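With chain L's structure known, arrange chains D, G and U on it following the hints.
Protein chains in written order, with our numbering: chain L, 1 to 332; chain D, 1 to 332; chain G, 1 to 332; chain U, 1 to 332.
Just to be clear, a hint being listed does not mean it is correct.
Any copy, or any two copies together, can satisfy a pair, since identical chains are not distinguished.
In silico EDC-like pairs for lysine to aspartate or glutamate, Cα to Cα no more than 20 Å straight-line [what the hints assert, rightly or not]: (1) K322 <-> D218; (2) K321 <-> D218; (3) K141 <-> D198; (4) K203 <-> D169; (5) K203 <-> D218.
Everything labelled a hint here was simulated from the structure, so no lab data went into it. Since the model is a prediction, treat every value here as computed from it, not as a measurement.
There are 4 protein chains.
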Amino acid sequence: MLNIGLLGAGRIGIVHARAITAHPASRLVAVSDIVEENAAKLATEHGAEARSSQAIISDPAIDAVLVATSTDTHSDLIEAATAAGKAVLCEKPVDLSLERARSCQAVAGATGQPVMIGFNRRFDPNFSALKAAVDTGEIGKPELLSITSFDPAPPPVEYIKVSGGLFRDMMIHDFDMANFIMGEAPVSVFAIGSSIVDPEIGKAGDVDTAAVTLTYSDGRIAVIKNSRRAAYGYDQRVEILGSEGLLQAQNMLENTVVKSTAAGVIGAKPTYFFLERYMAAYEAEWASFVDAITHETAPPVTLDDGVAALAIAEAADLSAKKRRLVAITELF
Amino acid sequence: MLNIGLLGAGRIGIVHARAITAHPASRLVAVSDIVEENAAKLATEHGAEARSSQAIISDPAIDAVLVATSTDTHSDLIEAATAAGKAVLCEKPVDLSLERARSCQAVAGATGQPVMIGFNRRFDPNFSALKAAVDTGEIGKPELLSITSFDPAPPPVEYIKVSGGLFRDMMIHDFDMANFIMGEAPVSVFAIGSSIVDPEIGKAGDVDTAAVTLTYSDGRIAVIKNSRRAAYGYDQRVEILGSEGLLQAQNMLENTVVKSTAAGVIGAKPTYFFLERYMAAYEAEWASFVDAITHETAPPVTLDDGVAALAIAEAADLSAKKRRLVAITELF
Amino acid sequence: MLNIGLLGAGRIGIVHARAITAHPASRLVAVSDIVEENAAKLATEHGAEARSSQAIISDPAIDAVLVATSTDTHSDLIEAATAAGKAVLCEKPVDLSLERARSCQAVAGATGQPVMIGFNRRFDPNFSALKAAVDTGEIGKPELLSITSFDPAPPPVEYIKVSGGLFRDMMIHDFDMANFIMGEAPVSVFAIGSSIVDPEIGKAGDVDTAAVTLTYSDGRIAVIKNSRRAAYGYDQRVEILGSEGLLQAQNMLENTVVKSTAAGVIGAKPTYFFLERYMAAYEAEWASFVDAITHETAPPVTLDDGVAALAIAEAADLSAKKRRLVAITELF
Amino acid sequence: MLNIGLLGAGRIGIVHARAITAHPASRLVAVSDIVEENAAKLATEHGAEARSSQAIISDPAIDAVLVATSTDTHSDLIEAATAAGKAVLCEKPVDLSLERARSCQAVAGATGQPVMIGFNRRFDPNFSALKAAVDTGEIGKPELLSITSFDPAPPPVEYIKVSGGLFRDMMIHDFDMANFIMGEAPVSVFAIGSSIVDPEIGKAGDVDTAAVTLTYSDGRIAVIKNSRRAAYGYDQRVEILGSEGLLQAQNMLENTVVKSTAAGVIGAKPTYFFLERYMAAYEAEWASFVDAITHETAPPVTLDDGVAALAIAEAADLSAKKRRLVAITELF
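This is chain L alone, in the form it adopts within the complex:
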């Protein structure tokens, strides 16, 4: 039984607490949050204690910490926890700064402690089935990847301002998905972004609609589309064309009921947002982390993966601002 400390009791921390408790081989023993009553409330619900992050990290009885705090604290907490001999599962992104993420990578890497980055979508049953089909050659050689990722509604502008921008905050999931499916990083990035959903987002210096083209060393291509708004819900689709066919992971729907009337044939909408869509993914992510620690194998998503996705995000941000193709090597 692994004793787990959870840093961060916000929306995503609550999700992780549930997964930790539900897993037969892990137990939530302590929770921290900058809002102490949030930590206390979540701790009580799971029979755990509310403590400070520092107290959790320094407790020798705790085997691993799950970092679900604000992004600007991720690197520091990863370094502190690995220095204290803990295994770490940290929410994405590693950091808003590629430079800081890379120094964290060096520092945490030197400890030898396992660090996993929470790219939950790799564990979605649909995307992992698609990846398995690619890997077993069901569509021959993969050639052209498309990722569609639309949020149901934009976050508050206050959030946008501290988010690091669409490429680091939202599309980073899709950059990791591209790395996951294609099995390697791209060599160049071209990004176009606009603020057409909400002019306030544009005033805050960010974009809300974007298209990115990734190119690979062997000529393969990936296209990623993001929008902060889809009136019909959370749109999360991946498709890849290969030499022998096409694979598509389509949206999950709220239910399977179809109504046919004079108005048309009406089906259910996609499951609303990430909590509904990815609950099974969060559970599978946690199970794979527990499994890696227990069997002392490498976590399936590493700090290197987190840095790799962040590098693409930074290249995309630069490309969109400069309106030119950016080589990944420019960033190193």
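Chains D, G and U in isolation, oriented as in the chain L frame:
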């Protein structure tokens, strides 16, 4: 080039005229109708002459006649045309009376002239693909057939009164489809019918909603559902369970556009009614008739098939009225 | 917090144990089974005790019992538990004998204790969404119901022999679904059954393929199809035609991945069997039971519902054997 | 009745001949082709004469010519035919050279004769339904367009060499579709192309896989993906995200049959190639041309539209070669 006479210039006659003209090996030379101006109009559109049915049948220059008149004239016209040495394609049903249909079968059969009955659905690309898949064993041994057949809206009660009733007029298509898919006639029939769509239909002595169960000598089962009203259009589906899987022929849709909004995911409705849904089937039906005459092979749907479907309809009618299982042998 | 005793630690007992533990307001305290080690194992996994059924029923600290034993013990256990002042959730069917079920109904009813029957499918998110749409009039007046219910593979013949037959064991779920959707019991039943999947089932006196037609007092019709074998998995569909449209609850699929190759467009199969398909339903069922007990409201599925479904099963069995329409009133 | 001359009796000429003959208000009177026997054969089939292109253009009895010759002759023939007072329907693209196309635009424009460019996909029932839904505001303000356009198999390398390259030959359809759906031309183009399907195509200086991003003056974005090979057939999809929802025009399938077996749920493939997929579109295109000439209204797709699409193609070609964003204004 076959010279064709068309008897009947009503709605279905117009469809057939188009198919006759479009076929490279047939030519419409004469049209008759009890409303002479209808015959004249249709004849003009196709460069043909308007004549009486008798004149068409007795014209030695005409190779084949297509009978698209009212049902009560079918048997007489089949007998007259075959006696005159014509090949015949006659619309379904052969007759409203099984006894009369069987005497026609004997009389026309004795002439040796080919007679085909217009069960157009056998030529629908979807149903014929399903039948081909059954025959090549793609689902192993067929066991349980389901046919769903709903019209978009009930016909006028005046039509109902002379139609012979739902089982002879509407479900007869499905009885033939069952014979086509299962490859043999059933041994018993159980039918339930209600008038719940339109009470006027009930007052006219007919039903508008019905479910029929057919059983076969080896224990196989078929279920047919009919309704005179589907608010969303013409619903025409067939599915069959076999020992190794399921085949479903689904509806054809007006287009492939799907709209996702806050209200749901909305697709197009089924193609509206038989002209839209079965236009390709009418053309394929005509092509197969031309092919059979040209190559002197048996038509793919015979007068025997017409009588077989009518026998099931008569058994269903009896079953619904007596509220008991009826053996097909009771009718012979 | 409700203290729960679970009678029966077989396959379905394990499912219920998980739901009891997962619910925040219920706690599994004791488990019984005729195989004591099964009870011990399941009890240990949930921090409960293994005891005899009698000990559980007579323990005043236990608030409710969940009966998941073999069907022939259901009536006795319902009577004993309600006599001891327990609330009861009992798996379907109430009994194999309608007469015994009705005496149980009288005896348990006299105690005033709540008894719920485990027709889990009412709690499936798809079927409950369909029912809600019917009740809010989204398709106008319901007219024609169709239920398709195929198991992936037949059970062992030893099971068949003690099952009470397809109508009582398997189609009883669909009879309850019909009662649920239509909102009333049918007035007559016509059933046809065959043994075409496995001749051993026929030798054991049962059928493996069946079609049943239910008729309602106002002329509405329901058609139910069952097969013990669907090579592609568990096929669980409901559709209902109303005066203003059609509602269909389609199968849930293993995932949303679609592969297009030269061989066709290939999607995932339906979720395999009832554990996969109905896990969410079992959890929702348990939550509604806890809710009813906690708020002292009537359970959403009562012992009366269990008897009503069993009456249709008995009528279907009689109809199939006698090959005639059976009125429900014949059984009372 | 319009008298039509057809220039070009190749694969696409045959399609157009059929549409001309099938239309009640047009008649094919003459056919030309550089292979005279092809012209003779097609003319015979349609009761027309084989002549030279010059003879057709100079015949005062001919009202309109349809240009279906090789691309390098388009501009000359458009100019000659309009100078001779004919209406013209010319296959896409106008020319391989933007400069030549623009001089043709000036010369033909000066004659005042109507010239329509054969962007047949605008007349596809699915894409035109999508366009109509966009225009009536069903998804609010359009924001992000995606076009997927994959051919089933690459053409011979000999064809590639004279085709003008993927952007002018294949993606030009999609550039016109973007102009059609978005209602205006883009301001900038970024293109990435690779030869990963067939290395011979790369050796011939062309690409076989490409992704293009178009940006519009108000920040809207379009993404187009092309591949010369889709093992499952012709993949032709359009989707557009708007402020209130998403519209998708999906592929048309060969039939509606779905087979469920232990191997999965298998549906039909997309209709194979442009003749199958777009036959209805070719007929609707011809009907709209006849309609425009008859009613002396502007054709729905003009020479300006042809030049506009070609300009994007030229910009894309430049972008892919220079690996940079290209403003449309650079070409003028």
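Identical-chain pair category, K203 with D169, by Cα at 20 Å: This pair counts as within: shortest intra-copy Cα distance 17 Å, inter-copy 41 Å.
Intra- versus inter-copy proximity for D218 and K203 (alpha-carbon distance at most 20 Å): between (39 Å within a copy, 15 Å between copies)
Intra- versus inter-subunit Cα pairing at 20 Å for K321 with D218: For K321 and D218, only the inter-copy Cα distance (17 Å) is at most 20 Å; the intra-copy one is 27 Å.
Up to 20 Å CA-CA - D198 versus K141, copy category: between (40 Å within a copy, 12 Å between copies)
Intra- versus inter-subunit Cα pairing at 20 Å for K322 with D218: For K322 and D218, only the inter-copy Cα distance (18 Å) is at most 20 Å; the intra-copy one is 25 Å.
Violation of the numbered hints given earlier is absent; every hint is satisfied by the structure.
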